[in-house]
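Asker: Work out the full structure: start from the sequences and follow the hints.
The opening position of the sequence shown corresponds to residue 0 in numbering that gives the first Met the number 0, with each subsequent residue numbered one higher.
Honestly, the hints are just simulated from the structure, not real lab data. Accuracy of the hints is not assured; some may be wrong.
As the list claims (entries may be wrong) - Straight-line Cα separation of at most 35 Å, DSBU-like style, residue types lysine-lysine; simulated pairs: (1) K206 - K221; (2) K234 - K221; (3) K12 - K41; (4) K12 - K155.
Said to hold, decoys possible - Derived DEER-like restraints, expressed as beta-carbon distance ranges: (5) L46 - E152: 19 to 27 Å; (6) K234 - V68: 50 to 58 Å; (7) L44 - V172: 23 to 31 Å; (8) L82 - D178: 13 to 21 Å; (9) V68 - K185: 40 to 48 Å; (10) F218 - G71: 30 to 38 Å; (11) F196 - L51: 53 to 61 Å; (12) V256 - A42: 25 to 33 Å; (13) A242 - L51: 29 to 37 Å; (14) P8 - A188: 30 to 38 Å; (15) G167 - F227: 40 to 48 Å; (16) S198 - A230: 16 to 24 Å; (17) L233 - V256: 29 to 37 Å; (18) L233 - S7: 53 to 61 Å.
From a predicted model like this one, the values you see are computed outputs, not experimental measurements. Here a beta-carbon is modelled for each residue, glycine too, at the ideal position from N, C-alpha and C.
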Amino acid sequence: MDALTIISPDEFKIFLLILIRVSVVLFLFPIFGTPMMPNIAKAGLALIVAILLFPIVGIYTDPFPDNIVAIGILLFCEVMIGLTLGLSIRIFLGAVQMAGQVIGFQMGFSMINVVDPQSGSNVSIMEQIGYWIVLLLFLLMNGHHIFFICLVESFKIVHVGIFMLNEGLLNRVIFLSVDMFVLGIKIGAPAIAALLFTSVAFGITAKFAPTMNVMIVAFPVKIVVGLFIFAFSLKIVLLITRAYVGEYYNVLSSLLVWMAGG
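Answerer: Shown next, in the form of structure tokens:
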């Protein structure tokens, strides 16, 4: 028997909407969204997850519209829901990358970049180190479990095709972005402050010893100081990541509630 004859046309359309939301979420998740993962594997994983979620979602759906415009709106809603969920982890990792980029610049790594396997672009070495450390901590603390639990619950809270873009949701996303910026400052502040004082010290040294080649001497010293302080800052990174993972479920739940209309 053909698979399409087992389910009704409306159910198949609902399945496609589920697949769209799941695909967008997986595309934005750091591990599954990387170019290193084959596109066939991404599509297969999204298809499997959508199939597993379909029996759950079918209970919470309304009759599927026949209007092309209405169908387009449903597709847009699913994409926006997936983007909102996926960006919740991207914003956090972006804060870490921002801190690493500033630290790397202060250490003199502005001209030394590596290829980011996640995006395929050139990024700072310290940015990559901080990114992978926090991502591994996030996975070790089962942050991905919380992420997929909220993905399942998103279909119960925010029904297929329902997305309420309201002031509360926008404020929540803005506050989340601001909080992540503050976290980035907290992570990078110790190393940035130490490197700033090091630069000031070498500036004073150059004033009193003009014959000394300060640039040649300062470069390795700033690298050692930066790595040393960054290593001691890992405790702060651990505490911040643990606190974020501890609140991650509440963060995603609040976003889902606002997307459902508050």
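Asker: Hint by hint, say whether it matches the structure.
Answerer: Evaluation of the provided hints:
The hinted pair formed by K206 and K221 meets the criterion: a straight-line CA distance of about 18 Å does not exceed 35 Å. Between K234 and K221 the CA atoms are separated by roughly 21 Å; this keeps the pair inside 35 Å, and the hint holds. Under the criterion of a C-alpha separation no larger than 35 Å, the hint pairing K12 with K41 is consistent with the structure, at around 21 Å. Of the supplied pair hints, the one linking K12 and K155 holds, its CA atoms being roughly 18 Å apart against a limit of 35 Å.
Here the CB-CB span from L46 to E152 is close to 21 Å, well matched to the stated 19 to 27 Å. Under the hint 50 to 58 Å, the C-beta atoms of K234 and V68, about 54 Å apart, fit the expected range. Distance hint for L44 and V172: a CB-CB separation of about 26 Å, consistent with the stated range 23 to 31 Å. Here the CB-CB span from L82 to D178 is close to 19 Å, well matched to the stated 13 to 21 Å.
Separation of V68 from K185 is about 46 Å and conforms to the stated range, judged on CB atoms against 40 to 48 Å. Here the CB-CB span from F218 to G71 is close to 56 Å, at odds with the stated 30 to 38 Å. The hinted range of 53 to 61 Å is satisfied by F196 and L51, whose Cβ atoms lie roughly 54 Å apart. For the pair V256 and A42, the supplied restraint of 25 to 33 Å holds, since their beta-carbon distance comes to about 31 Å.
Checked against the hint of 29 to 37 Å, the pair A242 and L51 passes, with Cβ atoms roughly 31 Å apart. Range check, P8 to A188: Cβ separation about 57 Å, and the 30 to 38 Å hint is violated. Taking the beta carbon of each, G167 and F227 are about 44 Å apart, inside 40 to 48 Å as hinted. Hint check: S198 to A230, Cβ distance near 20 Å, so the stated range 16 to 24 Å holds.
For L233 and V256, the hinted distance range of 29 to 37 Å is satisfied, since their beta carbons lie about 34 Å from each other. As the Cβ distance of L233 to S7 is approximately 54 Å, the hint placing it in 53 to 61 Å holds.
Comparing the model with each numbered hint stated earlier shows that hints 10, 14 do not hold.
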